[in-house]
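There are 4 protein chains.
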Amino acid sequence: MENILIRYLERPKLEDPIFVEGLPGIGNVGKLAAEHMKDELKAVKFAEIFSKYFPPQVLVQDDGQIKLVNNEMAYVKRGKGKDIIFLTGDYQGLTPEGQYELSDFILQELKGLGVRRVFTLGGYGLGRMVTKPRVLGAATDAALVKDMEKVGVVFSRGEPGAGIVGASGLMLGLGRLYDMEAVCLMGETSGYFVDPKSAQAVLEVLTKVLDVEISFTELESKAKQIDAITSKLRDIEATPETPEKREDLGYIG
Amino acid sequence: MENILIRYLERPKLEDPIFVEGLPGIGNVGKLAAEHMKDELKAVKFAEIFSKYFPPQVLVQDDGQIKLVNNEMAYVKRGKGKDIIFLTGDYQGLTPEGQYELSDFILQELKGLGVRRVFTLGGYGLGRMVTKPRVLGAATDAALVKDMEKVGVVFSRGEPGAGIVGASGLMLGLGRLYDMEAVCLMGETSGYFVDPKSAQAVLEVLTKVLDVEISFTELESKAKQIDAITSKLRDIEATPETPEKREDLGYIG
Amino acid sequence: MENILIRYLERPKLEDPIFVEGLPGIGNVGKLAAEHMKDELKAVKFAEIFSKYFPPQVLVQDDGQIKLVNNEMAYVKRGKGKDIIFLTGDYQGLTPEGQYELSDFILQELKGLGVRRVFTLGGYGLGRMVTKPRVLGAATDAALVKDMEKVGVVFSRGEPGAGIVGASGLMLGLGRLYDMEAVCLMGETSGYFVDPKSAQAVLEVLTKVLDVEISFTELESKAKQIDAITSKLRDIEATPETPEKREDLGYIG
Amino acid sequence: MENILIRYLERPKLEDPIFVEGLPGIGNVGKLAAEHMKDELKAVKFAEIFSKYFPPQVLVQDDGQIKLVNNEMAYVKRGKGKDIIFLTGDYQGLTPEGQYELSDFILQELKGLGVRRVFTLGGYGLGRMVTKPRVLGAATDAALVKDMEKVGVVFSRGEPGAGIVGASGLMLGLGRLYDMEAVCLMGETSGYFVDPKSAQAVLEVLTKVLDVEISFTELESKAKQIDAITSKLRDIEATPETPEKREDLGYIG
Chain C
1 MENILIRYLE RPKLEDPIFV EGLPGIGNVG KLAAEHMKDE LKAVKFAEIF
51 SKYFPPQVLV QDDGQIKLVN NEMAYVKRGK GKDIIFLTGD YQGLTPEGQY
101 ELSDFILQEL KGLGVRRVFT LGGYGLGRMV TKPRVLGAAT DAALVKDMEK
151 VGVVFSRGEP GAGIVGASGL MLGLGRLYDM EAVCLMGETS GYFVDPKSAQ
201 AVLEVLTKVL DVEISFTELE SKAKQIDAIT SKLRDIEATP ETPEKREDLG
251 YIG
Chain P
1001 MENILIRYLE RPKLEDPIFV EGLPGIGNVG KLAAEHMKDE LKAVKFAEIF
1051 SKYFPPQVLV QDDGQIKLVN NEMAYVKRGK GKDIIFLTGD YQGLTPEGQY
1101 ELSDFILQEL KGLGVRRVFT LGGYGLGRMV TKPRVLGAAT DAALVKDMEK
1151 VGVVFSRGEP GAGIVGASGL MLGLGRLYDM EAVCLMGETS GYFVDPKSAQ
1201 AVLEVLTKVL DVEISFTELE SKAKQIDAIT SKLRDIEATP ETPEKREDLG
1251 YIG
Chain Z
2001 MENILIRYLE RPKLEDPIFV EGLPGIGNVG KLAAEHMKDE LKAVKFAEIF
2051 SKYFPPQVLV QDDGQIKLVN NEMAYVKRGK GKDIIFLTGD YQGLTPEGQY
2101 ELSDFILQEL KGLGVRRVFT LGGYGLGRMV TKPRVLGAAT DAALVKDMEK
2151 VGVVFSRGEP GAGIVGASGL MLGLGRLYDM EAVCLMGETS GYFVDPKSAQ
2201 AVLEVLTKVL DVEISFTELE SKAKQIDAIT SKLRDIEATP ETPEKREDLG
2251 YIG
Chain V
3001 MENILIRYLE RPKLEDPIFV EGLPGIGNVG KLAAEHMKDE LKAVKFAEIF
3051 SKYFPPQVLV QDDGQIKLVN NEMAYVKRGK GKDIIFLTGD YQGLTPEGQY
3101 ELSDFILQEL KGLGVRRVFT LGGYGLGRMV TKPRVLGAAT DAALVKDMEK
3151 VGVVFSRGEP GAGIVGASGL MLGLGRLYDM EAVCLMGETS GYFVDPKSAQ
3201 AVLEVLTKVL DVEISFTELE SKAKQIDAIT SKLRDIEATP ETPEKREDLG
3251 YIG
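Chains as they are written, first to last, in my numbering: chain C, 1 to 253; chain P, 1001 to 1253; chain Z, 2001 to 2253; chain V, 3001 to 3253.
Heads up, a few of these hints could be off.
[Said to hold, decoys possible] Restricting the straight-line Cα-Cα distance to at most 27 Å, the calculated cross-link-like pairs of lysine-lysine (DSSO-like) are: (1) Z:K2146 x P:K1067; (2) C:K111 x V:K3111; (3) C:K13 x P:K1067; (4) Z:K2146 x V:K3150; (5) C:K67 x P:K1067; (6) V:K3146 x Z:K2067; (7) C:K45 x C:K67; (8) Z:K2111 x P:K1067; (9) Z:K2067 x V:K3067; (10) V:K3067 x C:K146.
Please keep in mind that the hints were generated in silico from the structure rather than gathered at the bench.
If you're wondering where the values come from, they're calculated on a predicted model, not measured in any experiment.
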């Protein structure tokens, strides 16, 4: 079996397309953002990527049919230089080698599809609750840094201190070896929950850069659900603890 | 050394055979089921599969002779479209890569043997005792889902939530890439013990589908042994705990 | 870099040689036994095996010179059918794949050297102190089992329950694929300490089988050292515990 | 993607150059030492090494631009037999296989660059504070051991007991297979902090051997910062503990 297998459902003819990556990660910010934008723009799935670097797992869909875990690519046509390719998926590669192989493989496919500009989306975990998430950035060259600052992206010395791990980082690092211009947009997030609010912050920047208009209703309603859960948890924490309470919580944990 | 090595003891001529997989997993449900059916039908071993994705281990048999851990294939002839190939074994692949390689390798061999229909057997761990295990299903297409529902297989939205991990899942996911129709049958099980009762539930469905008759005496007697152990454990748990008891249990744990 | 690298210092001409393996493992029984016998018979090192399946490590010798961790082969000439090749070393392969690759690689080399009989030496961990270690066996065929029983090797149903893991097992399991007759001799050991007494028990059997005479003085003196340490520890354990004692032991642990 | 990728920015013509390795490790002694010496000698970066054996990570620099984690080589020209090549970097290989592959790959490149003498720099962790770090050594041959003893390197029987793990060890062990003379210099260090003082001790030896003069001001000032932190921690530990103190520390930990 090949390490990575791509199955094209269609070979789209795109003109100088822009690539947007959003895979699972901290707070699932990147995945939420890319999937939301893809859905809002009614992008068309054109390729499936399977790999032995993913878990050996199938998902069972609501109709009882299975789906081998994968990454998928979808496109939307908007005219020369404005076409977009989305990469979304169930997992990132499980091992460092797998991460490198997958990012490199996908960049090669993108090269073939004519991509020269890359946006990777992710979360920046703060380990504390965030009320108004900033969007941090990193880029492959100085001109891009300037461009992003103009639309409100924060480039903050020493943040993120640990660098960017996974596909969102590698596609910049390896992308440079493929002569691609690439930007990583990271929404601040606690890292404790999936974070639609942070995903929205990231998309507000990205849509401005790409001159796209989309509705955020879906993300906002997801954000409200999460808020309801987290504020309930805060209430529990704030309540003075009694031995009985403690026992009750034991049943939850 | 090749990653995977198959040794054919015989090259059986089979007519449109059906494949049944049962390897170790949750509650060993799949393994128990496939081995029981294979034994009852007096299937003939025809191939051994060795691999560096298995543990580096030999088992010592009762006569002092060793056996390198492996997977085995056996066949039973029942006439065109009714022949069955069983896959049983000591282990599944240890790593995700190994899982993918092994499932893909075996599917290729099966393709060569003319297999187009696949049944994978496994357990669905509930984390609590189960008195009457249901059999959950997942399949590669909608028609199969319908067929299975007719014989009592449960397709339940959101179950199994984590999908199907390992060979029982992969052989469906990859099987589809080989144009094979595949069904996974999962017997509910606590996951705490090997579970012959759950294996029987799975086989009651499978034998109906394949129009096979077999005795379940062996599985039933195994189930009684397990029941005897688990009810003893329940008794111990139900006894009001005293400090002395606690100490005693300490010696067991 | 090749996965495994063998460097021949000499290409010995051996007549139908017997192979003896003793690598690190439980109680280091196999390693102690093989190294002792090799030293007593003044076997000549003729090959070094390096591999990326070993730890990335050099050892520093007493003269300040380094040695890349390896496995080594040595031979002793005793006449047709009596020549012996020893395999000893610093480590076994770190991963399952590495274990398979190394055992297979070495068996291929041995095939080239004319080996048809293999003895692998190891320990059988009991998890309790052993005063008079038995030597358990496992073999590739029934005739060998009989031969070994004649010299006192114990073939005990269900022992070792977990089979034989690592090179001592694989060289039997894979050896059979190379048409080699192979026996594993396992000395009982607590598994808590290196165990020269168990190594001696193994060698008493092996030397009888191979019709070799060697001194055991070295192993006996090592065994005395270990006994001195373990009986001291037993004394400490036997002493009634007081809070002060407990504190003292804290400094040791 | 290739496992290891080297990008030459320049192909320097060097005469019988000496190689100095300093990658991250215990107390970061080797990395600190090699980077300091490289900076002091204004060595010129000429090659970047990327690999899937490194973490899948980019670092974000102060200007917002990213850098794919790598190892780098730099050279300084000092005349025949005195030219130096430095290897520094963000990481060592993550797996044993990666470690072997990377060291072997780099040694091959060095062979092509004409290197015959190798110095690897590292720390020797003692697990306790060290006031005046000794420099321990290990070498590929007896003459080198003597040469190093003359400049104060300590070759101490049984130290380091666990051998040398990682690139500093492998480049000696594999270097010998490439007919390179190699020495490892290890500065004693607690292993609890990055240790510029230990790095300086190592460099004092190395600069003497290579007849180089450099300033240590930078390292000394780094050492003072570390000393300030560690002596503060010692003060806290020495202060008699009260329940309130304990709580306060809880907030720090």
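List in ascending order the numbers of the hints, as given earlier, that are violated by the structure. 2, 3, 4, 5 and 9
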